[in-house]
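Going down the list, the protein sequences come from chains A and B. Residue numbers for the first sequence follow the numbering used here, beginning at 123 and rising by one. Residue numbers for the second sequence follow the numbering used here, beginning at 489 and rising by one.
Do not rely on the hints blindly, as some may be mistaken.
Non-contacting residues of chain B with respect to chain A, defined by C-beta distances greater than 12 Å in every case (computed) [to be verified]:
1) Asp503
2) Thr519
3) Gly528
4) Gly585
5) Tyr586
6) Ile620
From chain A, some residues computed to sit far from chain B (all C-beta separations above 12 Å) [to be verified]:
7) Gly151
8) Gly186
9) Gln222
10) Gly255
11) Pro308
12) Gly329
13) Ser342
14) Ser401
15) Lys410
16) Ala438
One side of the interface only, derived from the structure: several residues of chain A facing chain B at Cβ under 8 Å [claimed, not checked]:
17) Met123
18) Pro125
19) Arg203
20) Arg205
21) Tyr422
No wet-lab data here; the hints were simulated from the structure. A virtual CB, placed ideally from N, CA and C, is assigned to each residue, including glycine.
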Amino acid sequence: MRPFDYQRAERLEHASQLAADSETLPLAGGTNLIDLMKLQVETPQTLVDIGRLSMGEIAEEGEGLRIGALATNTATAAHPRVRADYPVLARAILAGATQQLRNKATTGGNLCQRTRCYYFTNIDQPCNKREPGSGCGAIDGVARLHGILGTSPQCIATYPGDMAVAMAALDATVEITGESGERSVPVRDFHRLPGDTPEKDNVLEPGEIITAVTLPAPVSGKHIYRKVRERSSYAFALCSVAAIVDMAEGRITRADLAFGGLAHKPWHDPRIAELLVDSEPSLALFDKAADLLLEGAQGYGENDFKIPLTRRTLTAVLCDATGVEA
Amino acid sequence: MAITINGQEHALPDDPRVTLLDLLRGDAGLTGTKKGCDHGQCGACTVLVNGMRINSCLALAVTHDGDEVTTIEGLGSPTEPGVMQSAFLAHDGFQCGYCTPGQICSATAMLEEIKAGWPSDATEDLEGAPEITGEEIRERMSGNLCRCGAYTNIVAAIREAAGEDA
Ligand SMILES: Cc1cc2nc3c(=O)[nH]c(=O)nc-3n(C[C@H](O)[C@H](O)[C@H](O)COP(=O)(O)OP(=O)(O)OC[C@H]3O[C@@H](n4cnc5c(N)ncnc54)[C@H](O)[C@@H]3O)c2cc1C
Ligand code: SF4
Ligand code: FES
Ligand code: FES
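With the hints as extra help, turn the sequences into a complete structure.
So, in structure tokens, the structure goes:
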């Protein structure tokens, strides 16, 4: 690990002031940042420890729920309101990492966790995300975990997390504080596509700190988080589907879906709900939904399998949600 | 700045790069906690901080100012082993023993988590109280790898410790 200066933030304003410096990073649970600092992928000159700020609360907000940026993944998944009203979120969190990691991992840190691309985490390899202009090692290389949607010639990495995929399905909002004030961004717009600037994972500007994620009022329907991975526990998603699906009188009345493991961000395509809502569920309909989702999909050799895998996973989730026989 | 380890106060390091794991094994001289991967992947470094299990390799010691840490040495001694330690002995829950301190710390916290009603990926009814089943134990212990593959006996040991406790 490179030497760095350690500062503990006493107040939120203090944290964003310090973090406005481009050589400074906020530290929350540390489970991603410390790992990357050991690998010298991250080499901040200063760490501002935000861990003692009072942002850990999970509280009712109107009919919704406000999850503080420092609430641990464990606390969120075990929260009675999350288990009762937002089970897709509890399921997504519990499908990620391990209990030891979830005990430390925070809402803000989980949203900002960096890609697991093997070239990104190995400083001897070219990587446009780590070192803009150095090239993308994965595009013609080992790309099993990589993206099939919204990729660019500069970067084909995926956002690896689970929690944010459920938050995208729930249409949650990220609360952000910076030197110039507060703003909120829908989770669906928080992460970016790589384009020509893959070094930027999300829309945060220097000095901006996530303070909370707000969930809207709960909606009725079946909540499902289906994660496909290399082993049955403790692995990142090859493909995951977060779904909230409701039915009335034989027709679908709600189909809020988001996908993990496919792109540089949790993937949400509004055309899927438009297609499914008001229709009678059937395998043919689900196939059309998969056609829409995978319209522009492109594999890079090793990850070609993700295209049929995603189709099958989406179909399985929709069958489960609507009672159609697979 | 100080940290309490198994009831004893220790000074925190001047260098912020020192992980909790390196503080335990170095300055504090408690070599029971093991370093496997040093990247949060194996669980050998699992200790309890304020009762919660964490990977000490991914924690900077300075961030734990004021916290209470329990390591394998704090759970019992060779002459007076704790409940979980005895159960691992009785069931041969290890071979080389390298992963064992982490397994035992992890399992000790895990039983408390089940008691507290926290769900896991293996819990069918998210709103009900989780039970101590083989499936639950395996899922909840998935952060502790054992290269000797002593898993079957580890699960048996944890089941016994859970029974004694109940
Ligand atoms: C072995 C292993 C397996 C894992 N498996 C999974 C998995 O299956 N699914 C999954 O989803 N995750 C998985 N993870 C990742 C884990 O969930 C993340 O490491 C964790 O959520 C990060 O949270 P943290 O609080 O520790 O963040 P930190 O490591 O403290 O920070 C991560 C990043 O977020 C920034 N940051 C933190 N808080 C804020 C804030 N409030 N505002 C702005 N920026 C902030 C930091 O500057 C840093 O860049 C795994 C991790 C490991 C080590
Ligand atoms: S896919 Fe992105 S993160 Fe991976 S090597 Fe290419 S540029 Fe880097
Ligand atoms: S040494 Fe910490 S998890 Fe492997
Ligand atoms: S007993 Fe050898 S690694 Fe588990």
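Here is what the structure says about each hint:
In this structure Asp503 (chain B) is not separated from chain A by more than 12 Å, as the shortest Cβ-Cβ distance comes to only about 8 Å. The Cβ of Thr519 (chain B) lies farther than 12 Å from every Cβ of chain A, with a closest approach of about 20 Å, so its non-interface assignment holds. Non-interface status of Gly528 (chain B) relative to chain A is broken: a Cβ of that chain comes within 12 Å, the nearest being about 6 Å off. Chain A leaves Gly585 (chain B) outside its interface by the beta-carbon criterion, the shortest separation being 20 Å against a cut-off of 12 Å.
Residue placement check: Tyr586 (chain B) keeps its beta carbon more than 12 Å from all beta carbons of chain A (closest about 17 Å). Taking the minimum C-beta to C-beta distance to chain A, about 15 Å, the non-interface status of Ile620 (chain B) holds against the 12 Å cut. A beta-carbon of chain B is positioned within 12 Å of the beta-carbon of Gly151 (chain A); the least distance is around 8 Å. The Cβ of Gly186 (chain A) sits about 19 Å from the closest Cβ of chain B, beyond the 12 Å cut-off, so the non-interface label holds.
Listed as a non-interface residue, Gln222 (chain A) fails to keep its Cβ farther than 12 Å from every Cβ of chain B; the least gap is roughly 5 Å. For Gly255 (chain A), the non-interface assignment is confirmed: its Cβ lies about 28 Å from the closest Cβ of chain B, beyond the 12 Å cut-off. With a closest Cβ-Cβ approach of about 26 Å to chain B, Pro308 (chain A) is found to remain outside the 12 Å limit, as its non-interface label requires. Distance check for Gly329 (chain A) against chain B: the nearest CB is about 21 Å away, which clears 12 Å, and the non-interface claim stands.
The Cβ of Ser342 (chain A) sits about 16 Å from the closest Cβ of chain B, beyond the 12 Å cut-off, so the non-interface label holds. The Cβ of Ser401 (chain A) sits about 29 Å from the closest Cβ of chain B, beyond the 12 Å cut-off, so the non-interface label holds. No beta-carbon of chain B comes within 12 Å of the beta-carbon of Lys410 (chain A); the shortest separation is about 31 Å. Against the 12 Å criterion, Ala438 (chain A) stays outside the reach of chain B, whose nearest CB is about 17 Å from its own CB.
Because the closest C-beta pair between Met123 (chain A) and chain B is about 5 Å apart, less than 8 Å, the hint holds. With a cut of 8 Å, the hint placing Pro125 (chain A) at the interface with chain B holds, because the nearest CB-to-CB distance is about 7 Å. The closest approach between the C-beta of Arg203 (chain A) and any C-beta of chain B is roughly 11 Å, which is over the 8 Å cut-off, so the hint fails. At about 4 Å, the closest approach between the beta carbon of Arg205 (chain A) and any beta carbon in chain B falls short of 8 Å, and the interface hint on this residue holds.
Below 8 Å, beta-carbon pairs count as interface contacts, and Tyr422 (chain A) has none with chain B, the closest being about 25 Å; its hint is therefore violated.
The structure fails to meet hints 1, 3, 7, 9, 19, 21 from the earlier list, while all remaining hints are met.
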